[in-house]
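Protein sequences, first through last, are from chains X and E.
Using my numbering, you'd call the opening residue of the first sequence number 1 and step up by one each time.
Using my numbering, you'd call the opening residue of the second sequence number 598 and step up by one each time.
Simulated from the structure, these hints should not be mistaken for laboratory data.
Note that the coordinates shown come from a computational prediction; the quantities given were computed from them, not determined experimentally.
Fair warning: there could be bad hints in the mix.
[What the hints assert, rightly or not] SDA-like, lysine to any residue: derived pairs with alpha carbons at most 25 angstroms apart:
| hint | chain 1 | residue 1 | chain 2 | residue 2 |
| --- | --- | --- | --- | --- |
| 1 | E | Lys-848 | X | Met-312 |
| 2 | X | Lys-460 | E | Thr-801 |
| 3 | E | Lys-674 | E | Gly-735 |
| 4 | E | Lys-727 | E | Ile-637 |
| 5 | X | Lys-295 | E | Lys-1133 |
| 6 | E | Lys-1118 | X | Asp-582 |
| 7 | X | Lys-511 | E | Ser-895 |
| 8 | E | Lys-627 | E | Thr-712 |
| 9 | E | Lys-957 | X | Leu-518 |
| 10 | X | Lys-588 | E | Arg-1113 |
| 11 | X | Lys-77 | X | Phe-125 |
| 12 | X | Lys-360 | X | Lys-379 |
| 13 | E | Lys-834 | X | Met-163 |
| 14 | E | Lys-892 | X | Arg-535 |
| 15 | X | Lys-315 | E | Met-864 |
| 16 | X | Lys-521 | E | Trp-870 |
| 17 | E | Lys-848 | X | Lys-578 |
| 18 | X | Lys-195 | E | Thr-801 |
| 19 | X | Lys-295 | E | Thr-801 |
| 20 | X | Lys-160 | E | Trp-870 |
| 21 | E | Lys-892 | X | Leu-321 |
| 22 | X | Lys-431 | X | Glu-186 |
| 23 | X | Lys-65 | X | Met-163 |
| 24 | E | Lys-795 | E | Arg-1163 |
| 25 | X | Lys-190 | X | Ile-435 |
| 26 | X | Lys-198 | E | Ala-890 |
| 27 | X | Lys-251 | E | Glu-913 |
Protein chains: 2
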Amino acid sequence: MENGEKPPQEDEQLYRIRHSLSHVLAAVVKELYPEAKLGIGPPIDNGFYYDFQFAEEFSANDLKKIQTRMRKVLGRKDAFTLKVMSPEEATDFFWARNEDFKVELIKDLAAGGETEVTIYEHDNFVDLCKGPHVNNTGDIPARAFVLDRIAGAYWRGDEKRPMLTRIYGLAFNTREELDAYIKQREEAMKRDSRKVGKELELFTASELVGRGLPLLLPKGATIRRILERFIVDEELKRGYEHVYTPVLGRKELYEISGHWEHYQESMYPPIEWEGQSYVLRPMTCPHHFEIYASKPRSYRDLPLRLAEISPMFRKEKSGELYGLIRIMGFHLADAHIFCTTDQLYDEFKAILDLINYCMKVTGLEEVCWYKASLHDDQKGKFVDNPEGWALSEKHLLDILKEQDRKYELSVGDAAFYGPKLDVQIRTVSGKEETIFTNQIDMVLAERFNLEYTDADGRKKRPLILHRSSIGCLERTIAFLIEFYAGAFPTWLAPVQVRILTISDRQIDYAKNIRDRMLQSKIRVELDIRNESLNRKIREGRLQKIPYLLIIGDKEMEAGTVTARNRDTHNQSALPVDKFIQDLAGEEKTYSLKLNCA
Amino acid sequence: MENGEKPPQEDEQLYRIRHSLSHVLAAVVKELYPEAKLGIGPPIDNGFYYDFQFAEEFSANDLKKIQTRMRKVLGRKDAFTLKVMSPEEATDFFWARNEDFKVELIKDLAAGGETEVTIYEHDNFVDLCKGPHVNNTGDIPARAFVLDRIAGAYWRGDEKRPMLTRIYGLAFNTREELDAYIKQREEAMKRDSRKVGKELELFTASELVGRGLPLLLPKGATIRRILERFIVDEELKRGYEHVYTPVLGRKELYEISGHWEHYQESMYPPIEWEGQSYVLRPMTCPHHFEIYASKPRSYRDLPLRLAEISPMFRKEKSGELYGLIRIMGFHLADAHIFCTTDQLYDEFKAILDLINYCMKVTGLEEVCWYKASLHDDQKGKFVDNPEGWALSEKHLLDILKEQDRKYELSVGDAAFYGPKLDVQIRTVSGKEETIFTNQIDMVLAERFNLEYTDADGRKKRPLILHRSSIGCLERTIAFLIEFYAGAFPTWLAPVQVRILTISDRQIDYAKNIRDRMLQSKIRVELDIRNESLNRKIREGRLQKIPYLLIIGDKEMEAGTVTARNRDTHNQSALPVDKFIQDLAGEEKTYSLKLNCA
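Chain X with its partners taken away, still in its complex shape (with noise of 0.2 angstroms):
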């Protein structure tokens, strides 16, 4: 994507070519199992499904012979032509071919006070439909379609109505554009965070703490443990003081915050105690709020960078939930700068030249961009403040410039209270998603009454920034495990070493090792089972340790080690001292490689 332009225009064509797909599904379907009856057909994200009541067994063996019979009946041409009844015609048209379920879709379109309905019709098969479709489907590439799967599906999502069968299929404008959704798709689900979490036994849930509320194991504690110190040392490295404040606040807080009246819907009811409402915090800004105002501020503090490791909870339907990228409560790296007119330029550059660092040093810059959001001229929806927007605008832009990274541009979506900056990342399944979002503030100083005496002994307000640095350490994790797949940066894996024994003589010598590994802060591991060392090869591969230490009477005589490269498959002799200095070294350069051995 260039700087500043938008990505391209959903596919309007391709859109007619899924749903006509879907029709040409139908009426194979109707051609082959005349019995069964119709449901919904529309395209998707990825190509079209359609839901049918079979009156036999139907299984996904059988979709073969479907596809088939499609792909031979699109070399016909069938023209799809449109026709409009009443609801009455249409009524008795589906009623004679018995679909009910059509019946009962323009029942509630008629009692909706539809006058007129819409059909499609080609090669005999109608549908009710409202388009739009391809010309004949001759327009339909015809490899460039393939029938997936079958799922279940209550008839319009409701448990009390009968189980359809839904077909799902994918479709796009060529074979290559499908060989390559389908190559995507696939690296996407062996990427996939839930998947690979647990393998690595990186996470697990319980339906008993509760849906959303995931525990860290072990493993996945320590690469919390290391982002988390990563970024608070970084932070202190940079100015910022840390603090802790509680994920409790009284519901009174966010009410002057505003976000009882505007995010109320995200947050948890509250919980009474003593005549109090105390709300699960759904953000931070008002309790950094409250440590600004604790004391006078002058000039001289500014700028004022209180940061935190901040936990919080927001709403999540619990359909939405998802391992640990959509969960009920989660922690941010988050931060509040308090600072003039003057500092703006300065911090905001600062802001950017850290997320800079942490995208380089966790590897997700090559899958992540900025998007940044500006205000128009919409009355009521921004903050009345020319002077401002045009300020914060001007240095958002500019900073953005000089950024040797691309950039997209959104007018009209700032905050109210100022412009935004998103970070974004593709994901391993092609979504785009924003990781977290940065936003120039110059509003809630003056809610919370936050004022700093200036060099002249006047009161002013500071403006504020809201950011984050490396995002919510939860949704952080989870895109890193589908970027690495599991396979960690030395610096990031939660065992980086693993010793393996050929036999019991090296066990000693092998135990040696791992004690002076672990005064080094090497995380490292033994295994000294009685098991083959292909066998240990093998499990130390799966679980995608950098390095597999193999130990045999060799290398105690030469008191070496034979380090094992999981990414060249590399294997290299060399001294215990040199491979744990090596080791060291790759840590502490944030290395993504693997250069060990």
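Following the hints, put chain E in place on chain X, whose structure we already have.
Relative to the frame of chain X, chain E by itself:
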């Protein structure tokens, strides 16, 4: 205290002295202020008080006069005599004396079914009173009491009733004990964690955030981070596996654990969301149990030591909330060890080794001891497992006896599910508090159906040890604040070094030294203000910074610093690198003394 000995019984005679003094006080007040009406006057922990309704203005300046008169009348050896009256007689008696409050008390006694009330008389002063008292006022050591202060107190604690004047007195057996108490109290007030916490900007509170939800300011947060990293690293070194689990859990989880039934009064009301009840957890156990249960366990996996810096919430009455000591939510250095019976001795010993180490490193060993609680033969109070009790209590006592530390025993105070070992502290105000508790648990594995496959292939239940190492971080910080009066050893000090320039000529040199120190991860501040050196030193001392580095022309030329030791006030000139090296050594060895100057 000797090992195994109970603390001394309450002093019965002192109780009588204090009670009698409240009568003497009231008698003198009535003599000097005949219009004053009597409230109540009990003995208390450190003396006594009496509540009065004065007709005129009364101030603390009037106490001296009363005290002088009290000392004088004590010499007269007036006897205390007991009389019994019917409620009607007593009502008439006090009514005649215009003592409305007494009349009200008698009315309530009568309403409660009392047919007799007792009064005590001395020196023509008569009070409604249950006693006991000394024989005569000559038994009261006249120099061992003082009138202390006055305060407002609503009659019967009810804010809708009249506000009375409460006069507090301190009273002990001897003048020496009184003086010692006053001195200790002054010291305790100087060291009060709220006062020091404010002076050193360690933490703050906000009515809007909520009472009992303190905010750790950057310097307090630094101490927490130091403690947290210290204990996590130490525990990892000792074979613990750290995890992160959520502060919420479903109510059902705590129903299974039994907390909901037995501990509900300490839990905040649940949050209802999508038909589930989520509670802020009061304990971590069930979360760790769910991790244990997340995969099959074998005897080879034991002991499994799951640890966490665990956020949790326990109900406190808002009136009892205090600084960092009594708060709504806190973070416990928590762990649960799952082990076999054979491993119990070694595991419990290792727990004590770790606690001893923590006490030594923090310096708190000076004021801490152990208290072991064993079971007795009360039916139903303790789980029925004679063999389990015998073994676990024997191990516990054997381990305690091997220790070079004092401990006491408390028979009959075990937990339902096993013996426990509390870590006790004597606070600066002389009060005994439990820092945290360690328990052997023979029950909960059964409740959560936790098991492991033993070497013989059979399923067995693990024993569970609940333990902490350094307690709840917030409370431990408060104890440390009080213990050190804010003058922390180098490794705990939020700011270790402040560099003071004598004039502007040294600013660059000072910044250069600061940067070198930051490289060595020293927590350093700069004071390059245009203020006198004396003022800079004074302010640095008030902040209790371990080392003030004074930089003048002489030091600049010689490439040295003059380091001023906070505790000894020694000043030594030494090369910058030498100072940095010494300080790093002092930190690394957790020295409690400042040795670098």
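Numbers of the earlier hints that this structure fails to satisfy, in rising order: 8, 12, 13, 16, 17, 18
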